[in-house]
Each structure stands twice: as structure tokens, then as C-alpha cells.
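Colleague: Order-wise, the sequence lines are chains C and Y.
Numbered by the numbering used here, the letters in the first sequence go through residues 1 to 415 in order.
Numbered by the numbering used here, the letters in the second sequence go through residues 1 to 266 in order.
The hints are simulated quantities; they were obtained by calculation from the structure and are not laboratory data.
A couple of the hints might just be wrong.
[Stated by the list, open to error] If you anchor each label on the Cβ, the simulated ranges turn out as follows:
no. : chain 1 : residue 1 : chain 2 : residue 2 : range
1   : Y       : V14       : C       : R172      : 44 to 54 Å
2   : Y       : E258      : C       : S51       : 51 to 61 Å
3   : C       : D395      : Y       : T112      : 45 to 55 Å
4   : C       : G117      : Y       : A251      : 39 to 49 Å
5   : Y       : A254      : C       : V398      : 51 to 61 Å
6   : Y       : Q204      : C       : S51       : 37 to 47 Å
Every value quoted in this text rests on a predicted model; they were computed, and no experiment measured them.
Ideal Cβ positions, reconstructed from N, Cα and C, are used throughout, including at glycine.
Chain by chain, the residues:
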Amino acid sequence: MTESSVISAPVFGQRDPDERGYFGAYGGRYVPETLVAPVEALEAAYREARSDPAFGRDLQHLLTSYVGRPTPLAAAGRLSAAVGGAQILLKREDLAHTGAHKINNALGQALLAVRMGKRRIVAETGAGQHGVATATACALLGLDCDVYMGADDMARQALNVVRMQLLGASVRRVEGGSRTLKDAINEAMRDWVTNVTDTYYLLGSVLGPHPYPLMVREFQSVIGREARAQCIEATGGVPDVVVACVGGGSNALGIFDGFLDDAAVRLVGVEAGGEAIAPGRHAARFAGGTMGVLQGTRSYVLQDAHGNIERTHSVSAGLDYAAVGPEHAWMRDLGRAEYTWVSDGQALHAFQELCRREGIMPALESAHAVAHAMTLAGTLGASARILVNLSGRGDKDVDSVAARLDHSSTADGGA
Amino acid sequence: MSKLDETFSRIRSVERTGLVTYVTAGDPDLGRTGSILRTLDGAGADVLEVGVPFSDPLADGPVIQRASERARAGGTTLGATLKMVGDTRGALRAPVVIFSYANPILAMGSQTFAARARDAGVDGVLALDLPIEEAGDFRATMLDAGLDTIFLLSPTTSDARIKRAAELGRGFLYGISRLGVTGARTQLADGAEPMAARIRAQTQMPLALGFGVSTAEHVTAIGRWADAAVVGSAIVSVIEKSAGDATLESALAAYVQELTSGHEAP
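The shape of chain Y in the complex, shown without the other chains (with noise of 0.2 Å):
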């Protein structure tokens, strides 16, 4: 049983609704990041998605955008942001995702890429452009390396589709619950009830639902369909107005905690 697979039973166990957060590594810088982690971690987060800097973030919208233009301006790179998880990794006790483009990863080399995140205590990996269709051998990769391979789904996964995802991914499905890039929104897409009763009625995996997340309201209704909710963007804007202050660290606590007040099954 991977450490995805024991959250996400625990949190079954307990009834609660799960909360995954994302950050951008090296926003605003790597040494941060860790800190920010740890941060997140302490408050509450259940799975901590570290996403790798990338030049054309295609899906991501303007918030993400900017926060690997800033990682990037300081030189934050895939093999640094899992040197800098290894150095954190100790002190956490949620599971690590990285979450990246296709392209830094082949470009390290996938079988480099998988030695060094299982080194570094990562727990799993979503490539957001390798769809099942291209995963095949990445996956084989991440496989033999310990590495749980999350699949995302969108309003446009075909019921066959999903069910592939299904057998073929690890820990958890992340589904889109909107059509669109990654950004907050002031109101969960209608879509995602009937998106994830969808998915449900394909597979008992664990569920995320992200994209537009950003209150606890959204988290608790999310409850109601799925394991746990994403919150990206949301997070990412409080380190962009924070960054500078040595608050940041009390603010993203105090935001998590807000995001996990209802966590209990209604």
C-alpha cells in the first residue's frame, strides 16, 4: 500500500473530506518553498502538490503562469525542486505529488527523473500533457520505481476512458471539474457534480476534484462527491501577495485551516 493509498483510507476512515494543495517550487524561492510546505502540512493538507516551473504552462491559467515565471526568473528547475523536496521530505508527513509538464521530466529522462523522486521521498507524479494514450512506458518507469502515476479526468473523459485511467493510475483520480485552464473561481462549476457521479459509477478509486477551488464552502460540497479537494490557485495568489512577508507562512495556515473547517461529512 503506497502512502496515496493509506491517506486516502484514512481518510475514508475517518469521513472527512480530503484537502490537496499545490504550490509552484521556487515561488518565491526554493528554500521558501520548503517552508511553505511545511506550513501546509501542519495545517492540515493531506497530499502536497509541488509543481515543477515550466517555460509554456499551456494548461495553467494567469496566477499559476506567473508563479513559474518567478521560479523560473530564480532559477528553479526539476532537479532542484527534488533536491529541495528530499531536503523536506523528513519533515512532512503528507505524501508528496510532483506535478509537471511532460517535457522537463523527458528531458532529465524518465528513468533519471524516477530514481531521483523515489530518492527524495516523492510519493507520486502527474505529467499534466502525457494522457493515458502517451503514458505507457512513463508509467512502466514510475511503476518499478515505487512512484504512484496520477491520471487526471475532465468533463470531456469518455466513461471508457475514465475506466482506463482507473486501472491504470495510482493513488488517487484528479478530476477537472471545469472545462478551462487552472485558475480560482468565485463558484464551483456546475458540471462537477455530475462529472464525478460519473466517475463514480466507474470506479471506486479515491477522487480529487480541483480547478477554481478556493473556499471552504466549495471544499465541503466537493465532500459530497468525491475524497478530497484541490486547491491551487488560491494558495498560489496568497504567496504572490505575501511573498515578501514574513506572515506568509501564518497566512497560508490560517487559510488552510479556513479550507478544512467543515471537513466533517455533513
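One chain only, chain C, in its complex shape (with noise of 0.2 Å):
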């Protein structure tokens, strides 16, 4: 056995949409005017610089000595043996520099952005991780960087807004519409719309306009590349059911693209299913959202029956968003993929369970992959497995864990 036939860089070319960047009904370019040319010049460095082998090179290089890939897969031995059944194996996304996997493409992009010779990038971000990987990359590469942050969002991941201003970064409080991460976004498109001669917008998930859904998943291959190789070094095949969260759904499909030719593997999207599936309290699109145009693209969206978006709640700040990518939509209307919620509270218990039983704290997004993944694992037989995609690490939530923790005890407490 050995580390060569895991190779830590993107599959770059292999599952392109058409030429108007549409996955089957989704996706598109539904963006101003003003940004119409902006995104032709991005797709168009884009596609010279993932043809070119030294941006691959340059993109690999950072990816394992700075990034320190490939991020480990390791089984979660007491975690199947307490659920019982099918047995679960972690890829450690949390483990990549910054904590979550969200650096593959801040990385991936803000080399883009030095090749078409931007200097300053602007982003968003909803739990922090895109904003604390965008500075990152931008401290690295001696980028100015501007992140856009609702203002609900800057309070509950408090710990990531600090380490963004750390590295270098203004952050930008949203306090328009829900605060989270959907405004964020707004602020960040009039900010580009604004200055887009010399600003590059640093999108951090499979969202907006074409190319972003395209480019993000190919950055962000890179995890389904290595878990595929070493879940076969590992276990000598390749999984029975490979589960991720998805918010925008980045990570998702950064894993998903390893497996996709292996027609057996089965693909599980998991959404926030919040307090009930109800308008406002929750982010599962696929349970109550209907076909939309959200932010520059085409997709299932959480809307009321005029058109204008919907609240959004969920636990998790990376999961609260009102719309899926859209290369999700088309993955489950191919059958290719399916997706499913849990709840608030489910994901909380899984976020201590993995705690408790294998010493690690996942981000509450993670979280509900477990989740999914421990109810998965009691339906099917030891034989098989289960690979979780353990997107990002949970410091950033210690706060509001704690605090839902100190709540629901003291309302076990009165019961």
C-alpha cells in the first residue's frame, strides 16, 4: 500500500455543464447587466487556467504543503459500535488548514483572481469557515479582502469574525434583510457590481451565476479524488453510501464527483430540517422549495407564492440559506443522488455523540451528515459502509452549542 494512488488535486474538465453553464433545467446566469461581461471574463480565465498544467501544479502545491492533503479517512470505530449496524467512516475535512474544506477553493479561486490580476477580493460568508479560508488565502497571497457577514451570523460564529480580523481581512456587517448568509451574498454582488474593474468576488459554494457552481465543485473534487482512493487502500472498496451536508452544497459535491461512475455507491445530500419543516423554520429545499432564481442562478428555493424568499432557519449558520446548487437539483432529478434533513435537534446529538465517542467535534453542518449517517447505519448490515464527509471542525460552535445545551437542560430540569 502506499500514498501514490492518492493524489491530492482537482479533477478539472470532466463534467461541464452546457454552454450557458446550464446542469439540465438549473443553473444559468441570472445576473445585472452589469455583471454579465465579469462572469464571461471569469469563465474565460478560468478555463485557460485549468487547461494550463502550472495552475494545476502551483494549486496542488499549496493543497499538500499548505493545506497539509491529503486530509485523512479513518473509520469512527466506537461511533458505529454504539449505533450498531453498518460501519462509518470519516473523511477529515476538519482537519485541512483553517478547519473545514472550504480552503480547497478559496485557494483554487484566489489564484484565479492573481492570474487576472485582481487585487482585492470580496466575499461572503455565513458560518465563517468561506470568510476565514478566504483570508487565509488572501494573507498568503497578499490579497486586500473585504467579507460580507450578517449580522445574526457575526453573533453566533463570534470566534470566526475574530480570526478573519486577525488574518487581515475586513469584515462587513449585513444588518439588511434576515442578516445571514443570503444578504451577506447581496451585499457582496453590489460590492462587486461596484468595483468590478479590480475586484475579483470570491463566491464560496456550488452558487450564483455560471461558472461559480462549476468551478466551486471542481475545486473542491479534490475530497472525492482522495476518498476514493483511500476508502479502496482502506477497506479494499469503494463505499456502499457516501453522505455530506449541504447548505449551497460544496462540500456535498466535492465528494459526490469521486463516486459519480460508481452507479452502486449511493449519494446522500442532508439539508437542515431546523425546528419543522415549515415556512421559516428550517433550509431543507428540496422538502419545501419550489424552482427559482435566486443570486444568478436557477434552482430549488425556499419561496412564498409571490416570488420573494423565504426565512430560513437552521442551527447551523453554513446551512441557513435559501437556495441549493443547482447541479443538485439535476443530480436528484437524475435519480444520481438523493437527499434528505434532520433536525436541529438531531444534529446537536450527533455533534456530541461523535464528541464523546471519538474525540472529535464536528461543525453543527457536519453534524447533521452524522446525524444522517447514524440513523443510515442501523438499516443496513455490518458489512457495509458508510463514508461521511466531516466537512469542517466545531470550535466556532461551542458557544451556541453550549448555550442550547445549558437551555435544554434546564428545560429537562422542569419537566
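From these two lone chains plus the hints, build me the complex, please.
Modeller: Following this line, the structure appears as C-alpha cells:
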């Protein structure tokens, strides 16, 4: 067994959308006129970069020497034993530099920005992990960085606000709308449209106008490429099921990408079920959404009958968003991936279980995937293997988890 | 010939600068929007743009964002906006253009929207996040219903796209004179004149220039390069300041008269 079969580089050019940026009926480029030329220029620059071996080499070098890739893949033995049934394997993106998969995309796009001659980066962030990853890439490459973040998210992910500031980024508070990720994207796009000549918009998920959904998925495809090789090395074969949480859906598409051609491997995306599948109380687009256009792309969106975007709720800031990446909608139509949701409570339970049984504190986003894997494991035999993308670590969530546990223990005590 | 075509050919025939006004429907409430449209029309606006409030107005600056929030708080939807236009249209001389983000229209369904807009007496539609590449079916549906589809042009638009927008667009072209979101400015963008010249080199279609226009001097300057000026955020600001007052309509009438005071071509 050698390390050489694990290649820490993205997969480019294997599964492009059509020339207008559509995955089936989803995707496209629904942007105000001023942004049409910039997204066309971005697409041209990206296509040129990904066909240049030097770009791939530079990125691969950073992914190994700076991010610490490949990230490990290992069995969660005590968790699997406690749950019973299938064996749960974890792809440890939480061990990537900065603590989440977001760095894979941030570095790729930051290198592209440098190549395009842009010296200023704007980004949005929800949980703060993409903001931290972008601030990190900008510090490394000497770029100016402004990160937009909803005021509510700044409160619940305060640790990441400080991290971004320490890394030299300006964190811009967004007070409009629902004061979460969606509103941060609106403000980042307003900034971009105003400063488009010298500014690069570093979008953090498989969302937005073409080519972002393609580009972000390709930069994240390193996860699936590594995971498939590692799984075969460790267990002698591919897993039966791959499970990942889906906000915009970049960590999910990144790991799914490695297994798309393995027709027998079930791919399962887990959305945020929040408090209940009712308007304003969840972020499960495939459970309560309909086709719509939001922030540059056509996909499943949580909206009211009049086409206004619904408020969303999740205990996890990174999943608390009204639209899902267009390629997920397409994979669902094709039947290649299936989608489910878990509640806030299930995610919090999985968060604690992984802490106690494995000594791993997951991000609340990733805890949604763990929660579903725990449910699924019991329905499968002991010979089955479930691979979970543990997309990020949970230090950022300690305060909000502690507050909820205090609350629930008080409630329990009173009952 | 559509009502927008007639309007712009009349503006050209008397060699004056047209005025396109924008207000957000339902700000401060829908009944008042009807009254505001009658006021703008009576005071000399040539085209009335009626904005549909939306939850995520990512191309708009703070003034129109706030108007959109006020209108949504009062329950204004695309359907209610069309009904208000239908109720008001008979009293208006100027053509009416619905200005909306794509999603409310798609949620209603383009066909349903086109039929209801036509029945309400709407003349044109501008969907600001449907660039020409995404607007194919939409434009065909509007055309079938006799509605003009208006496209935006910006300083970043290539000459080839200007040409394409002129081929596909109806009524007029709406030139965004600066990079950025909507909002009044003290000065017109330096790029406005060269951009208008670039558009003129591709097409003789009527051209209205907007984004950042707020004074009679701006309107006069634009008249040298284009057929009409668009004033939006500055009017919405007047509404925001005087929404609770009975004097709102007279303040708006005075402002429109001031904007059009330099109407005659220099």
C-alpha cells in the first residue's frame, strides 16, 4: 500500500454544464447586465487556467504543503459500535488548514484572481468558515480582503469574526434582510458590481451565476478523488453510501464527484430540517422549496407564492440558506443523488455523540451528515460502509451549542 | 407602433429630453402609489416605471432597498402591483413599464404575468436579472402579449451585446451610466457620455440613461447624449421623506417640474 495512489489535486473538465452554464434545467446566469461581462471574463480565465498544467501544479503544491492534504480517512469505530449496523467512515476535512473544506476552493479561486490581475477580493460568509478560508488565502497571496457577513451570523459565529480580522480581512456587517448568508451574498454582489474593474468576487459555494457552480465543485473535487482512493486502500472497496451535508452544497459535490461513476454507491445529501418543515423554520429546499431564481442561478428555492424568498432557520449558520446549488437539483432529477434532512435536535445530538465517542468535535453543519449516517447505519448490515464527509470542525460552534445545551438541560430539569 | 414607440418618437420630434420616473409599488402603500403615478404623469413624466418590491434586491442601493422593505411590509406583491396599475392606468397618459427582478415573474408564470400585465394596460417590462442570454422565452411570451421587453446596457456591455440588445429589445434601451447599484449621486458618472456614444454607434433605438440622476442639470446633460433620463432613487427619497404628509404629491410635482425645467435641447 503506497501513498502514491492518493492524488491531492482537483479533477478538471470531466463534467461541465452546457455552454450556457446549465445542469439540466438548473443553473444559468441570472445577473444584472453590469455583471454579464465580468462573469464571462471569469469563465474565460477559469477555462484557460484549468487547462494550464502550471495552474494545477501551483494549486496542488498549496493543497499539500499548505493545507496539509490529503486529509485522513478513518473508521469511526466507537461511534459505529454504539450505533450498530454499518461501519461509519469519516473523511476528515475538519483537519484541513483553517478547519474546513472551504480552503480548497478559496485557494483555487485566489490563485485565479492573481492570474487575472485582481488585487482585491470580496467574499460572503455564513458560518464564517469560507470567510476565514478566504482571509487566509488573501494573507498568503498578499491580497486585500473584505468579507460580508450577516449581523446574526456574526453573533453566533463570533470566533470566526475575530479569526478573519486577525488574518487581516475587513469583516463587513450586513444588517439588511434576514441578516444571514443570503443577505451577505446580496451585499457582496453589490460591492462587486460597483468595484468590478479591480475586484474579484470569491464565492464560497456551488451557487451563483455560471461558472461559479462548476468552478467551486471542481476545486472541491479533490475531496472525492482522495476519499475514493483512501477508501479502497483502507477497506478494499468503495463505500456503499456517501453522506454529506448540503447548504449551498460544495462539500457534498466535492466528495460525490469521486464516486459518480461508481453506480452502486448511494450519494446522500443532508439538508437542514431546522425546527420543523414549515415556512421560516428550516432550510430543506428539497422538502419545502420550488423552482426559482436567486442570486444568479436557477434552482430549488424556499419562496412564497409571490416569488419572495422565505426566511430560513437552522442551528447551523452554514446550512441556513434559501437556495441549493443547481447541480444538486439536477442530480436529484437524474436520481443519481438522494436528499433528506435532519432536525436541529438530531444534529446537536450527533455533535455530542461524535465528541464523546470519537474525540472529534464536528461543525454543526457536518453534524447533520453524521446524524443521518447514524440513522442510516442501523438500517444496513454490519458489512456495509457509510462514508461521511466531515466537512469542518466545531470550535466555532462551542458557544451556540453550550447555550442550547444549557437551555435544554434547564427545560429537562423543569419537566 | 407601441405606446413606448409613440412616446419616444414624440420626444424626438419636439427635440426635448424625456423623463422616465421610477417608483416602488406599495411605497408607502398601494393606494398612494396610484396617486403618485397620476401626479408624476400630470407633472410631465414621459414614462412611468413601476418597481415590484422583492425580498432580495441585489442591484439596488439603500434607498430602493428601504422602499422595497416598506412595500413588502404592507403586503405588496407582483399581483397586487398589476391590479393597482389596472385600476390607475385609465387616468394616465404616459406608458407604464413594470420593473422587476425575475423571480416574482417566474413564480407567477411568464404566461400568466404577460396576460395580467396586458389586461392591466402595462406597456413594457424590464426584468433586471434576465440578461438577453436568459430572456429568450420570456421575451417571446411578452411579445405575444404585445408587451415591450426593455433591456439594460451598462459600461461593461460589449458592442456586440449592445447590438443584440437593440435587435431583441422593444420600446427603448435603458443605459446604466455607472458601475454599481441604484442611487442618487451629486455628479453624473464620467463614463456616461462615452457609453452613450458607444451605444449610438450601434443603434438609433431610443435610449434612456439612468443610475445616479437627480438634478435638472443632470437631465439637461443627458439630453445631449440620449433621448431621456431616468430618475429613480431621488424620487423614492422624496416619497420616503414625505410619505406621511398630504404634501407628498405637491412635492413630487414640484420636483418633476424642476427636473424637466431644462427640457428644451440646448
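Colleague: Can you tell me whether the CB distance of Y/A254 to C/V398 sits inside 51 to 61 Å?
Modeller: At 59 Å between Cβs, range holds.
Colleague: Taking the CB of C/D395 and the CB of Y/T112, does the distance hold inside 45 to 55 Å?
Modeller: Given range 45 to 55 Å: holds, Cβ gap about 50 Å.
Colleague: For the range 39 to 49 Å, tell me whether the beta carbons of C/G117 and Y/A251 fit it or not.
Modeller: Once the Cβ atoms are compared, 48 Å apart, the range 39 to 49 Å for Y/A251 and C/G117 holds.
Colleague: Given the hint of 51 to 61 Å, is the C-beta distance from Y/E258 to C/S51 inside that range or not?
Modeller: Since the Cβ atoms of Y/E258 and C/S51 sit about 57 Å apart, the hinted range of 51 to 61 Å holds.
Colleague: 44 to 54 Å was suggested as the range; check whether the CB atoms of Y/V14 and C/R172 agree with it.
Modeller: holds, 48 Å
Colleague: Looking only at beta-carbon atoms, does the pair Y/Q204, C/S51 fall within the given range of 37 to 47 Å?
Modeller: holds, 42 Å
The structure shown violates none of the earlier numbered hints.
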